[in-house]
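Participant: Protein chains in written order, with my numbering: chain A, 248 to 556; chain B, 632 to 948; chain C, 6 to 388.
Hints listed in this document are in silico derivations from the structure and should not be mistaken for laboratory results.
The model shown is predicted, which means the values in this text are computed figures rather than measured ones.
You may find that some hints are simply not true.
Below are the DSS-like pairs computed for lysine-lysine, each with C-alpha atoms no more than 25 Å apart in a straight line [as the list claims (entries may be wrong)]:
1. C/K112 <-> C/K150
2. C/K140 <-> C/K150
3. A/K281 <-> B/K759
4. C/K129 <-> C/K140
5. C/K107 <-> B/K842
6. C/K150 <-> C/K107
7. C/K85 <-> C/K129
8. C/K319 <-> C/K305
9. C/K85 <-> B/K759
10. C/K107 <-> C/K140
11. B/K842 <-> C/K129
12. C/K140 <-> B/K842
13. C/K129 <-> C/K150
14. C/K140 <-> C/K112
15. B/K759 <-> B/K812
16. B/K842 <-> A/K288
17. B/K842 <-> C/K85
18. C/K85 <-> C/K305
19. C/K112 <-> C/K129
20. B/K791 <-> B/K759
21. C/K129 <-> C/K107
Just a sample of chain B residues kept apart from chain A, beta carbon distances all over 12 Å, derived [to be verified]:
22. K634
23. M635
24. M657
25. V696
26. P719
27. F752
28. N810
29. A906
30. T923
31. D941
Even glycine gets a Cβ: it sits at the ideal position worked out from N, Cα and C.
Here's the letter readout for the chains.
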Amino acid sequence: MSESADLGVVGNQPTDDGGSESAGRATRFVGVLKRMPWLTKFCFTWLILLVSAATFADVIPGLHDPDYQGFIFGDGKTNDGPSASHWLGTDNVSRDILARLIYGARVSLIFAFSGVAVGVTVGCILGSISGFLRGFVDTSIMAFVDVMLSFPALVGLLFVTTLLEARGLFVLCAVTAIFIWPRFTRVGRATAITVSGQDFVSAAKAIGTSRRRILLREILPNVFPAVLAFGLVSMAILIILESTLSFLGLGVEIPTASWGGMIAQSRQDLLINVWPAIWPSVTLLMTVYSFNNLVDWLRAQTAVRSAAV
Amino acid sequence: MPKMIASRLLRLVLTLLTVSFATFVMVNVLPGDAINALIPIDAQQDQEFVEQVREEWGLNDPMLVRYGRWLGNAVTGDLGDSIVTGQPVTAEITHRLPITLEIMFVAVGLSLLLAVPVGVFSAYREGKRPDRVISGFAQLGLSMPVFVTGLILIYIFALKLNWFPATGWNRPSNGIGPNLKTVALPAMSLAITEAAVYTRVLRSDMISTLKENYILSARAKGLTDRFVLFRHGLRPSLLTLVTVVGLSVGTLIGGTLVVEFLFAIPGIGRRIFSAIYQRDFMMVQGITVLITAFYVIVNTVVDVAYMVIDPRIRRTN
Amino acid sequence: MTTEGTVVATLDVPAPESEILRVEDLRTSFFLPIGELEAVRGVSFLLQRGRSLGIVGESGSGKTVLARSIMRLNVGANVKTTGRALFEGRDLLSLDSREMRKLWGSKIAMIFQDPMTSLNPMVKIGRQVTEHLRKHRGVGRQAAKQTALELLNEVRIPEAESRIGRFPHELSGGMRQRVSIASALACEPSLLFADEPTTALDVTVQHQILNLLSREQDQRNMTLVMVTHDLGVVAGRTDDTLVMYAGKVVEKASTIEIFGRTSHPYTEALMRSIPRTTQASHTPLVAITGRPPVATHLPKGCAFSLRCPYAQLKCHEEDPPLTPIGNSGHEAACWFPVGTDANQEAFERNLSDRLPQTLVVADSLIAGKIGQTVGDSPEEGSA
Ligand SMILES: Nc1ncnc2c1ncn2[C@@H]1O[C@H](COP(=O)(O)OP(=O)(O)O)[C@@H](O)[C@H]1O
Ligand code: SF4
Ligand SMILES: [Mg+2]
Chain A
248 MSESADLGVV GNQPTDDGGS ESAGRATRFV GVLKRMPWLT KFCFTWLILL VSAATFADVI
308 PGLHDPDYQG FIFGDGKTND GPSASHWLGT DNVSRDILAR LIYGARVSLI FAFSGVAVGV
368 TVGCILGSIS GFLRGFVDTS IMAFVDVMLS FPALVGLLFV TTLLEARGLF VLCAVTAIFI
428 WPRFTRVGRA TAITVSGQDF VSAAKAIGTS RRRILLREIL PNVFPAVLAF GLVSMAILII
488 LESTLSFLGL GVEIPTASWG GMIAQSRQDL LINVWPAIWP SVTLLMTVYS FNNLVDWLRA
548 QTAVRSAAV
Chain B
632 MPKMIASRLL RLVLTLLTVS FATFVMVNVL PGDAINALIP IDAQQDQEFV EQVREEWGLN
692 DPMLVRYGRW LGNAVTGDLG DSIVTGQPVT AEITHRLPIT LEIMFVAVGL SLLLAVPVGV
752 FSAYREGKRP DRVISGFAQL GLSMPVFVTG LILIYIFALK LNWFPATGWN RPSNGIGPNL
812 KTVALPAMSL AITEAAVYTR VLRSDMISTL KENYILSARA KGLTDRFVLF RHGLRPSLLT
872 LVTVVGLSVG TLIGGTLVVE FLFAIPGIGR RIFSAIYQRD FMMVQGITVL ITAFYVIVNT
932 VVDVAYMVID PRIRRTN
Chain C
6 MTTEGTVVAT LDVPAPESEI LRVEDLRTSF FLPIGELEAV RGVSFLLQRG RSLGIVGESG
66 SGKTVLARSI MRLNVGANVK TTGRALFEGR DLLSLDSREM RKLWGSKIAM IFQDPMTSLN
126 PMVKIGRQVT EHLRKHRGVG RQAAKQTALE LLNEVRIPEA ESRIGRFPHE LSGGMRQRVS
186 IASALACEPS LLFADEPTTA LDVTVQHQIL NLLSREQDQR NMTLVMVTHD LGVVAGRTDD
246 TLVMYAGKVV EKASTIEIFG RTSHPYTEAL MRSIPRTTQA SHTPLVAITG RPPVATHLPK
306 GCAFSLRCPY AQLKCHEEDP PLTPIGNSGH EAACWFPVGT DANQEAFERN LSDRLPQTLV
366 VADSLIAGKI GQTVGDSPEE GSA
């Protein structure tokens, strides 16, 4: 009941006022960026850096192999402090922390993006259908959603991931998707109901447009931005979820670098060397914080705009 | 009101049925045979013995039959026996549930204790420096995963300062003091994120309440700001907070699981964790149903709380 | 901008203790992203103890802001008030918030426009009526309840005993406004502001509430400031009237004078738009043509000039100061006051120039002769 209200961005402006060429949009975008508070600029930059590093991890010159344990071959120290070759030092099996952070970012981001992608897709479609058609379809979909929501998601997730023999990133994402879509569907439905009540939908109905066409042409495009906004909010939550699973040892399988896994591993030597714990913690915090900050900023922007209308 | 409670009860029953069935199906469809929990793999050579055990535990019956049997026992309050320990699931639950509940309640209590005054104050100073600082901290608190908060607290208060134990649990029967010492860090780990969420929700509702005319008319009566804020402004601003507290029970269940893992606390969360590892399906099933029931009941209580808070809702229902 | 000298009110030459409120050159601005919005632009007046004053003007003319500025009740960090507001000799604008709080509710009280929103929906009526009594006077719970009962009886709320434990939504709009009045009266304030106390109510209820207010004012020898957009509310009820337009006082006099010798064209226009309950409901109302000016974009010269049927070149150039009309303390801010020869000439000149607002007025004069019928209203139903 409160998801859409929480969001405050259930924007259902029936698309832009037509004459927005891409050039105008680009300059407006730059203008918007300039008006960001410095902290938001910082967060935005951080996220861009993070995404780029994760994307190009394989071709970054000089980046160590994240799984290479030098001390086995006698060319690396465990729990080493920052040095010229290992900028952030090494962990307790002498792997390069920076490399593991960057490859860990990959896991986090892929997990979060895929979760959001599934959530947005399902949420838009099911939510639109549910909110526009109402009646029996709506009741059934929502009953299902309610049950899914009262099911303890983390328990379910633990359960499935534990029982699955192989826990690759893909499997993890797929399993998470099962528990992700209900909330998106709620947001989508709430928006679809508002959109359905608007004049341009009544008008379309009045001139005899088919329901399928209204759904595709009027409802879906207007539901999408709200659900997408919710997706942005969910990025932070999904990144936390992934790191938590990895911390519990239920994320991607062990040698693969992940932030939660790095933190879990560093626990044993906390009193000897805190740095292997601090680096991934700080990275995780900064990333989650950046998403939250950016979302809050966007929310304030849309609030200002809707207040101005 | 009785009508509402009746419909809520119906919903509770339906949800429990669906969730228990879903869990049951999941347990049976996913890889991992319960027989492995009953007999060590190397002892499974003896086919006859294995068959006998299967028969004994009813593992050979069709799934629906087994679910029906489980359900029949469940309504009488018997959630079956743990496949691993042989103990009744209910016994284990009653033994561990108080621990988890204590952590959760202390966490919610701490969060509210912090969030209510801070949220109110932040709204009162909207846009000014204190508000901006509080909002900044809330944003940060919101971004803290429970296990990171927990580790930080352990590092500072247990390892460095030695104020609290890093792990373990003292039951209240061992004395309230020792008990509270073991509750403190786990509850705080949960409370920081929750407090941040609550503060933001309350602040934003409070800001709109403070724009209401009745706040102005209360001020025009010469009441002190504090009186106006807490006796006039707070109650109308509580509805979203109450909803969020109800919904946050869902997150908290996940959170306690993490916290019990982190602090090695023998609560429900850790039990379900080990039960999953051991393929102790009866245990998983029982605890899942219990958690679901708890969640739905809490949110029913929230709906009743609405009516207590807002007399207008009381009337229309 | 206007650089008119301050015209300090000279309604009377008062003995100081009979003077309860003296407002001098009060100005209030809101600082908005689009610039400064001066909502009250140098208002001065004087109020004697026990009298009643009506503040009249279209919505947006700054009445609420004026009342709230005097009471120091404007909210937000972007408001600034200058000038003086002397209550019993003390300047309210320079009091600190603790001293102000002591006055609020106990010596100065306010009734707000909408009883729907000015009562807290989640607080029982009994408490809302007397909570400030308990704070200010340290009255105990039981005594406060007794007082609440008496007050509710006094404002004619039936079955007061059972209403005390009720919530506002369980009462009708009129009853709610009675509760607000009871609450305002609880500490027996010497000065009461009523900001559009009846605007949100049905016509029949309006009269009951207004009569109740007048009665209480008489009985308690209270000073009453009645803010309204409706001259008809003021007629026969308040001793003095002050007409506001675009944040300024454009005319002030005793209410009888205002109706008997209307001098400002704006006041005259307001008269034409009074809904007349004593006449058939289809009596034509003449709305004032045009819209009130936006406070951030005032016209040069007289603020009313763009809508005034008598506006001349001078009006567009120079802002008229408040000047005495006769010697009864009546003042108006107009270059061509109604009833003067100059005014008549201006009217005819505009008529021949076919100025739209002048034509509208001429038509209505011919159609309904509304101008004459208003003048005799002050006597009816005067308390
Ligand atoms: N809080 C505020 N912020 C900005 N402008 C305001 C505020 N309150 C009132 N105003 C402006 O001041 C002017 C006078 O308003 P008001 O006193 O409410 O008029 P009235 O009570 O006569 O209807 C209006 O132009 C209004 O827009
Ligand atoms: S006559 Fe001139 S000064 Fe008088 S109100 Fe009209 S415009 Fe203003
Ligand atoms: Mg007003």
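Participant: All hints are to be evaluated individually against the structure, with a verdict given for each.
Facilitator: Structure-based check of all given hints:
no.: 1; hint: C/K112 <-> C/K150; result: 21 Å, holds
no.: 2; hint: C/K140 <-> C/K150; result: 14 Å, holds
no.: 3; hint: A/K281 <-> B/K759; result: 23 Å, holds
no.: 4; hint: C/K129 <-> C/K140; result: 17 Å, holds
no.: 5; hint: C/K107 <-> B/K842; result: 23 Å, holds
no.: 6; hint: C/K150 <-> C/K107; result: 22 Å, holds
no.: 7; hint: C/K85 <-> C/K129; result: 35 Å, violated
no.: 8; hint: C/K319 <-> C/K305; result: 10 Å, holds
no.: 9; hint: C/K85 <-> B/K759; result: 17 Å, holds
no.: 10; hint: C/K107 <-> C/K140; result: 10 Å, holds
no.: 11; hint: B/K842 <-> C/K129; result: 20 Å, holds
no.: 12; hint: C/K140 <-> B/K842; result: 23 Å, holds
no.: 13; hint: C/K129 <-> C/K150; result: 12 Å, holds
no.: 14; hint: C/K140 <-> C/K112; result: 13 Å, holds
no.: 15; hint: B/K759 <-> B/K812; result: 37 Å, violated
no.: 16; hint: B/K842 <-> A/K288; result: 32 Å, violated
no.: 17; hint: B/K842 <-> C/K85; result: 19 Å, holds
no.: 18; hint: C/K85 <-> C/K305; result: 24 Å, holds
no.: 19; hint: C/K112 <-> C/K129; result: 24 Å, holds
no.: 20; hint: B/K791 <-> B/K759; result: 36 Å, violated
no.: 21; hint: C/K129 <-> C/K107; result: 24 Å, holds
no.: 22; hint: K634; result: 19 Å, holds
no.: 23; hint: M635; result: 15 Å, holds
no.: 24; hint: M657; result: 7 Å, violated
no.: 25; hint: V696; result: 22 Å, holds
no.: 26; hint: P719; result: 20 Å, holds
no.: 27; hint: F752; result: 20 Å, holds
no.: 28; hint: N810; result: 25 Å, holds
no.: 29; hint: A906; result: 9 Å, violated
no.: 30; hint: T923; result: 5 Å, violated
no.: 31; hint: D941; result: 15 Å, holds
The structure fails to meet hints 7, 15, 16, 20, 24, 29, 30 from the earlier list, while all remaining hints are met.
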